[in-house]
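Colleague: Each chain, letter by letter, is given below.
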Amino acid sequence: MTRRKKFSTTAMIQKAALYFSLLLFAFLFLMPMYVMLVNSVKPLEEIQAGGMMNLPWNWTLEPWLKAWSTAQIGVEPTGLRPYFWNSILMVVPAVTVSTLLGAVNGYVLTHWTFRGHKIIFLMMLGAVFIPYQIALIPMARMLGVFGLAGTILGLVVVHTLYGIGFTTLFFRNYYVAFPDDLMKAAKVDGAGLFRIFFRIILPASTPIIIVTVIWQFTNIWNDFLFGVSFADFDSFPMTVALNNLVNSSTGVKEYNVHFAGAFIAAVPTLLIYIFAGRYFVRGLMGGSVKG
Amino acid sequence: MTGLSIESVGKLYGSVRVLQDINIEIDEGDFLVLVGPSGCGKSTLLNMIAGLEDISEGDISIAGKLVNDLEPSERNIAMVFQSYALYPTMTVGGNISFGLEIRRVPKAEREAAVARVADLLQIGHLLDRKPSQLSGGQRQRVAMGRALVRDPKLFLFDEPLSNLDAKLRVEMRTEIKKLHKKTGKTIVYVTHDQIEAMTMATRICVLEGGDIQQQGTPDEIYNNPTNAFVAGFMGSPPMNMIRADARKTSEGWALSIRHGEETITLRYPKKLPDSYDNKVVTLGMRPEQIVEEYPRDAAEDAYFTTTCTLDLTEPTGADTFGAMDIGGLEVICKLKPGSKADMGDKVDLHFEVGAACIFDPESGARLDH
Ligand SMILES: Nc1ncnc2c1ncn2[C@@H]1O[C@H](COP(=O)(O)OP(=O)(O)O)[C@@H](O)[C@H]1O
Ligand SMILES: [Mg+2]
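These protein sequence lines are chains F and X, in that order.
The first sequence runs 1 to 291 under this note's numbering.
The second sequence runs 1 to 369 under this note's numbering.
Incorrect hints may have been included.
[Stated by the list, open to error] Once the Cα atoms are required to be at most 25 Å apart in a straight line, the calculated BS3-like pairs of lysine-lysine come out as:
hint, chain 1, residue 1, chain 2, residue 2
1, X, Lys153, X, Lys181
2, X, Lys167, X, Lys153
3, X, Lys270, X, Lys334
4, F, Lys118, F, Lys187
5, X, Lys336, X, Lys346
6, X, Lys130, X, Lys153
7, X, Lys107, X, Lys167
8, X, Lys248, X, Lys271
9, X, Lys185, X, Lys153
10, X, Lys279, F, Lys187
11, F, Lys187, X, Lys153
12, F, Lys187, X, Lys130
13, X, Lys107, X, Lys65
14, F, Lys187, X, Lys167
15, X, Lys65, F, Lys187
Derived from the structure by calculation, the hints contain no laboratory data.
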């Protein structure tokens, strides 16, 4: 009797400890977001008066509007808006193309193998491990040669090339589990390489497409190094513009505007996680090929 | 007219030889079963017929037309796979009509063809489902439907029933046989299951280690095996392989076998090569050739009768088998239906010696003639 009771108290304590640490971590992760959010809707004077954790006395959307359309970015008072569109123009084609190429690569490397396919895959895998810094100078030179330096198209090319290693790896690992008989049956039915890909393989790839898109989107959207290295004043992506906003040294630091800007920069990735996050976890768990 | 002809075909993967000197010729409408243990090269041969594997050596013709350099889709074949290989995101109807769609068959014709096949296989009510919503047996039918819909010259089946449970397998076996009767198509069917081979085939080809061991009708394969491998592979329970001493006497050949303390000498009515006088041979006898009760119409002198001690009896319902020790090996015999004989009992057994096969104990080659 007493033993049993003692046992259940330890179980209770363990459970409490578990919940406590989970709550603690959730708190630690959510805290900065809270600070950003409340301070982005306060007038600057309230921030300067201290009380970073307090809710605003006067709610205002002014900092958001200012960050979006009138704040000083570098020398121009354009707000983040043009750079937000730069980022969209960069991220959409780069994610689409790198995902599609990864899918084709993964498919060919698993089901239309040719002599030397293992070497090719190893080389693509190698691309995953090349540190960004090593690629910087050769890449800048190449973009210069092709006349793409300082353009959004140049950034699209760089991100696509850099992403192919990852996307190929993702799709290859997903497609190895597809039975070879599927291709054989389709060949007997008269389908060729691309028809099999578009009619049979791609429709069965939804989970891995979602994983790859999330991965590529967040990486490319959040990239700073390539943006600052290869773009120009009129082609900077959001991340670089945000940096310029925060570092504009004219007058007082408008923290509320900075917070709002940072939030605007984070919105697309947040949305992606909210809408596709559960597929991301599921896809990473792998396996469930059977459609 | 020939349905399929395979001439001197071989297959190499790099320098590894998987098949050699395969020669098969079957008529239109034949049901050829390629049977052999796992890994003997059956699927490889079937894939070469289909055009899914390159032909390293030799020629393959389908319905009189050389197909070596044709794509699978140009060979006028259809194939059913062991894993069914249904397209996971298409409906059953979509799976069945995919091949027609690629061949640009007009929609109305396609739908009529799908309806005809669905009717034949009784899967009409499943046409809108996805493969993941089907049972194993239903998937199997859909896979067959996909093959049947195109009305090809040659059907290829690669172990289509081996993923089904025992009962369904027997049902589908009969069904495929009926389909063959009804459509009269040429079929090549791969299996490792000798019962499937015996029950379905009009011709059997036994493969082992990349070689054809024997081909012929099921009857020839079963009753007249060319070597010990074929004899042992076909039949369940398998043929008994008994160690015997051969001796040539003035009245013909005699075979001595040991049962416990006794030596039993059987008179063997067929001839053996003279060089086997005083040598050890393998006496191959099927369980139904060692019986407690022989058929009423049998010639009495076809049997040699002796008393044996049973080590074990195995009632299987219709038949009762007995096991005994001969020459240190277990030998299975067939007892009377409903036999009450038990372990340790002595029974009179009739050996149908004239029907037995003699093999070389090392090479397995058939010796009697
Ligand atoms: N792609 C391949 N490369 C090398 N060896 C192979 C390949 N495919 C099959 N084999 C070998 O060929 C032999 C026959 O295989 P298979 O035709 O699948 O046998 P079965 O269908 O009779 O079980 C096996 O020993 C197998 O290991
Ligand atoms: Mg096989």
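Colleague: Each hint should be assessed against the structure and marked as holding or not.
Modeller: Now for the hints, and whether the structure bears them out:
A distance of roughly 15 Å separates the Cα atoms of Lys153 (chain X) and Lys181 (chain X); the hinted pair therefore holds under the 25 Å criterion. This hinted pair does not check out: Lys167 (chain X) and Lys153 (chain X) have alpha carbons roughly 30 Å apart, beyond 25 Å. Under the criterion of a C-alpha separation no larger than 25 Å, the hint pairing Lys270 (chain X) with Lys334 (chain X) is consistent with the structure, at around 23 Å. A threshold of 25 Å between alpha carbons decides the hint, and for Lys118 (chain F) with Lys187 (chain F) the separation of about 23 Å falls inside it, so the pair holds.
Between Lys336 (chain X) and Lys346 (chain X) the alpha-carbon distance is near 14 Å, which keeps this suggested pair within the 25 Å criterion. At most 25 Å may separate the alpha-carbon atoms for a hinted pair to count; Lys130 (chain X) and Lys153 (chain X) exceed this at roughly 29 Å. Of the pairs offered as hints, the one joining Lys107 (chain X) and Lys167 (chain X) is violated, with about 38 Å between alpha carbons and a cut-off of 25 Å exceeded. For the suggested pair Lys248 (chain X) and Lys271 (chain X), the alpha carbons sit about 9 Å apart, so the restraint of at most 25 Å is met.
This hinted pair checks out: Lys185 (chain X) and Lys153 (chain X) have alpha carbons roughly 7 Å apart, not beyond 25 Å. For the suggested pair Lys279 (chain X) and Lys187 (chain F), the alpha carbons sit about 56 Å apart, so the restraint of at most 25 Å is broken. Restraint check for Lys187 (chain F) and Lys153 (chain X): satisfied, since their Cα atoms lie roughly 17 Å apart, inside the 25 Å limit. Taking the CA atoms of Lys187 (chain F) and Lys130 (chain X), the gap is near 21 Å; set against the 25 Å cutoff, the hint holds.
Distance hint between Lys107 (chain X) and Lys65 (chain X) is unfulfilled; the C-alpha atoms sit about 30 Å from each other, more than 25 Å. With a C-alpha separation of about 32 Å, the suggested pair Lys187 (chain F) and Lys167 (chain X) falls outside the 25 Å cut-off, and the hint is violated. Taking the CA atoms of Lys65 (chain X) and Lys187 (chain F), the gap is about 20 Å. The hint holds against a cut of 25 Å.
Consistency with the previously given hints fails for numbers 2, 6, 7, 10, 13, 14, ordered from lowest to highest.
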